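Enquirer: Sequence:
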Amino acid sequence: MSKEIRVRIAPSPTGNLHIGTARTALFNWLFAKHKKGTFVLRIEDTDLERSDPKYEKDILDGLKWLGLEWDEFYKQSERMDIYEKYIQKLLNDGKAFWCYHTKEELEQEQKEQMANKLAPRHICDHKYKIPQNKEGGIIRLNVDEKSDEKIKFNDIIRGEIEFEEKLLGDLSIAKNEKTPLYNFAVVVDDHETKISHVIRGEDHIPNTPKQILIGKALGFHNPSNPLGQVMPEYAHLPLILGSDKSKMSKRHGATSITEYNEEGYLPEAMFNYMAFLGWTPKDSEKEIMDKDEIIKNFDLKNVHKSGAVFNLDKLNWINSQYIKNLSDEELITKILVLSSRYQVLSNKENTIKKILPMIKERMEKLSDIKEFLFFFKDPEYEKDLLMWKKYETIDIQKTLEMVKELVTEIGVGAPDTLREKLDDLASKLKTDPDAKPDRGLVYWPFRVSLSGQKGSPDPVDIAVVLGQEEVIKRINKAIQKLK
RNA sequence: GCUCCCAUCGUCUAGUGGUUUAGGACGCUUGGUUCUCAUCCAAGUAACACCGGUUCAAAUCCGGUUGGGAGCGCCA
1 MSKEIRVRIA
11 PSPTGNLHIG
21 TARTALFNWL
31 FAKHKKGTFV
41 LRIEDTDLER
51 SDPKYEKDIL
61 DGLKWLGLEW
71 DEFYKQSERM
81 DIYEKYIQKL
91 LNDGKAFWCY
101 HTKEELEQEQ
111 KEQMANKLAP
121 RHICDHKYKI
131 PQNKEGGIIR
141 LNVDEKSDEK
151 IKFNDIIRGE
161 IEFEEKLLGD
171 LSIAKNEKTP
181 LYNFAVVVDD
191 HETKISHVIR
201 GEDHIPNTPK
211 QILIGKALGF
221 HNPSNPLGQV
231 MPEYAHLPLI
241 LGSDKSKMSK
251 RHGATSITEY
261 NEEGYLPEAM
271 FNYMAFLGWT
281 PKDSEKEIMD
291 KDEIIKNFDL
301 KNVHKSGAVF
311 NLDKLNWINS
321 QYIKNLSDEE
331 LITKILVLSS
341 RYQVLSNKEN
351 TIKKILPMIK
361 ERMEKLSDIK
371 EFLFFFKDPE
381 YEKDLLMWKK
391 YETIDIQKTL
401 EMVKELVTEI
411 GVGAPDTLRE
421 KLDDLASKLK
431 TDPDAKPDRG
441 LVYWPFRVSL
451 SGQKGSPDPV
461 DIAVVLGQEE
471 VIKRINKAIQ
481 KLK
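Residues 1 to 483, numbered by UniProt numbering, are exactly what the first sequence covers, in order.
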């Protein structure tokens with residue numbers, strides 16, 4: 001009842017922070033914040049071969065970027081003596097033993113079992129023998145292959161789940177006394193750091209009975225629990241899926257949080273989007289919800305059971321909503337960060353400030369600034385883009401000449417006046433006196449000559465930012481193209 | 001092959017036996033504004049996998065079928 005809430009995220013530094021790991025971290029964090037509990041970060045680096053400090057850094061940076069700060073930090077590689085103590089205990093108690101079967105033998109055994117339609121598992125006869133030497137073996141937990149026991153546990157999201165003990169086989173728990181394997185290290189750490197709730201992806205459901213068995217052997221069993229459950233409670237989250245509904249992976253697109261950061265997604269938007277993947281607040285139809293409100297509403301009980309497909313369109317939409325809600329100062333700061341990639345943005349704070357109202361509603365992500373680089377440098381485009389409807393090259397050229405005259409005459413300081421004059425020009429240019437003026441004949445080539453884009457903000461607005469001299473220069477370039 | 005998990009529009013989801021001609025959001029389509037794009041506004045599109053059972057009544061409960069997914073390492 002009064003048990004303190006303690007949860008953990010336990011990534012292994014064998015790759016960058018994966019979106020699935022980040023979502024698991026997020027749900028753990030939300031649960032902890034909602035319950036005023038403790039969020040623990042544990043780096044699972046027992047496999048020294050595959051672990052790399054650069055990945056650890058990426059994971060830490062990614063979690064911080066998302067705003068998922070941890071309260072406690074552990075590294076398994078720094079806790080090896082603890083595992084050793086428990087491995088020794090199991091060995092001494094006769095609950096674990098050395099297995100000297102070769103990988104080939106194990107493979108062969110599994111092959112035969114599959115061929116005979118049996119559950120693949122290693123039933124080791126070495127547990128009945130006294131080991132002669134300890135070279136080349138590994139340590140396994142002694143599991144009764146004749147047991148009729150069912151290993152049951154309650155999952156907060158899915159209800160009761162059960163497995164048959166005898167189908168598990170003698171699980172590997174350590175490479176040697178000093179080197180624990182995943183399932184063993186998890187159980188020891190969760191116990192030692194008093195984790196109250198294990199919240200992780202549903203791909204860990206099959207690991208749960210193994211960990212319960214290890215926990216029981218270690219004496220971590222909680223006798224007050226009618227299900228005979230070891231200490232933590234479990235909640236298995238639905239997976240994040242790719243468009244083909246299989247587990248999200250590289251081939252589905254960007255999977256690391258770093259990539260989303262670099263593409264110009266805002267951490268708040270990612271937070272919001274990921275929170276709503278596999279969870280919906282009760283009694284709310286809001287899709288845009290800030291951190292505090294999500295924390296307030298968060299409850300494992302309304303986490304969904306089925307996997308959720310990661311949908312970039314929706315993320316883009318949410319991100320665009322967050323961009324629109326940014327203050328000008330915040331947006332400028334974020335855009336300037338991108339100037340390392342787009343050199344022309346360097347020291348252009350004033351220009352960026354001027355174009356903000358134009359680009360804010362057109363950006364889904366910050367990297368979309370690349371569509372607006374024409375504000376900072378000459379646009380490149382094909383001559384044909386200047387053409388409007390069925391008009392001839394010569395018509396467009398003449399129009400541009402007249403627009404140039406207008407700009408030369410009245411400048412760009414009075415946009416409303418310029419617009420009026422451009423409208424007048426359109427009226428003057430119409431061939432059929434009864435038809436409505438075709439403003440496109442004037443505005444389209446003018447706009448293209450300034451932006452080089454088939455879609456962009458209003459040419460007069462662009463002209464105001466560029467200034468008279470630059471505008472005339474660009475119109476001249478366009479006219480040259482047409483000649 | 002074995003074990004486990006899951007099943008409402010293309011996608012994210014609301015819905016916990018009657019208020020549902022199944023609601024919202026994204027996407028898409030159309031219209032309005034407009035030189036274009038975007039924004040904004042309006043409208044449209046589209047789903048309870050199937051078969052049984054329980055019940056006066058089932059998307060909602062039960063069973064089965066089918067389908068999808070995950071796990072099956074001396075990785076984590």
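Worth flagging that the hints you see were computed from the coordinates, not collected in a lab. Note that the structure is a prediction, hence the values are computed from the model and not measured. Here a beta-carbon is modelled for each residue, glycine too, at the ideal position from N, C-alpha and C. One thing to keep in mind: the hints can contain errors.
To be verified - Label-pair distances were calculated between CB atoms; the ranges are:
id: 1; residue 1: 329; residue 2: 251; range: 35 to 41 angstroms
id: 2; residue 1: 427; residue 2: 314; range: 43 to 49 angstroms
id: 3; residue 1: 314; residue 2: 205; range: 26 to 32 angstroms
id: 4; residue 1: 77; residue 2: 152; range: 29 to 35 angstroms
id: 5; residue 1: 314; residue 2: 159; range: 26 to 32 angstroms
id: 6; residue 1: 383; residue 2: 354; range: 26 to 32 angstroms
id: 7; residue 1: 114; residue 2: 73; range: 29 to 35 angstroms
id: 8; residue 1: 53; residue 2: 287; range: 35 to 41 angstroms
Enquirer: Looking at the structure, which of the earlier hints fail to hold?
Expert: Going through the list in order, the structure violates hint 7 alone and respects the others.
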